[in-house]
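Asker: Sequence:
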Amino acid sequence: MSVLAGWNDPVLYRSLSYVTYVFGKLFGYSRDHATKLMLDVHHKGKAIVTSGTKDKVEGDVAKLHAAGLWATMEQPA
1 MSVLAGWNDP VLYRSLSYVT YVFGKLFGYS RDHATKLMLD VHHKGKAIVT SGTKDKVEGD
61 VAKLHAAGLW ATMEQPA
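Last residue of the sequence shown: 77 in the UniProt record's numbering, with the numbers rising by one and none dropped.
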């Protein structure tokens with residue numbers, strides 16, 4: 001399973017720096033990696049932020065939602 005985070009939401013808009021911060025804080029990503037993921041979300045509309053078992057990914061989605069970010073689960077193709 002993979003977590004897709006994204007959707008540039010005009011109503012619940014979060015700053016780019018906040019999204020970078022959340023990716024780093026929740027998943028332990030370096031600033032550079034978190035920034036790359038944030039830019040993918042910003043420019044492409046989504047990014048694979050984390051992956052793992054269904055239970056792990058469900059927890060990661062919940063963490064992103066709790067931080068005010070949109071996220072969904074997706075089965076890899």
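Worth flagging that the hints you see were computed from the coordinates, not collected in a lab. Among the clues, some could well be false.
Pairwise CB distance ranges, derived in the manner of DEER restraints [unchecked claim]:
1) H65 <-> L39: 17 to 23 Å
2) L16 <-> I48: 14 to 20 Å
3) S15 <-> D55: 16 to 22 Å
4) Q75 <-> D32: 27 to 33 Å
5) M73 <-> H33: 18 to 24 Å
Lysine-lysine pairs mimicking BS3-like chemistry, simulated, CA-CA at most 27 Å apart [what the hints assert, rightly or not]:
6) K63 <-> K25
7) K25 <-> K44
8) K46 <-> K25
9) K56 <-> K44
10) K44 <-> K54
Glycine included, every Cβ here is placed at the ideal spot set by N, Cα and C.
Asker: Determine for every hint whether it applies to the structure shown.
Answerer: Tested hints:
no.: 1; hint: H65 <-> L39: 17 to 23 Å; verdict: holds (21 Å)
no.: 2; hint: L16 <-> I48: 14 to 20 Å; verdict: holds (18 Å)
no.: 3; hint: S15 <-> D55: 16 to 22 Å; verdict: violated (31 Å)
no.: 4; hint: Q75 <-> D32: 27 to 33 Å; verdict: holds (28 Å)
no.: 5; hint: M73 <-> H33: 18 to 24 Å; verdict: holds (21 Å)
no.: 6; hint: K63 <-> K25; verdict: holds (11 Å)
no.: 7; hint: K25 <-> K44; verdict: holds (22 Å)
no.: 8; hint: K46 <-> K25; verdict: holds (19 Å)
no.: 9; hint: K56 <-> K44; verdict: holds (25 Å)
no.: 10; hint: K44 <-> K54; verdict: holds (25 Å)
Comparing the model with each earlier hint shows a violation of hint 3 alone; every other hint is respected.
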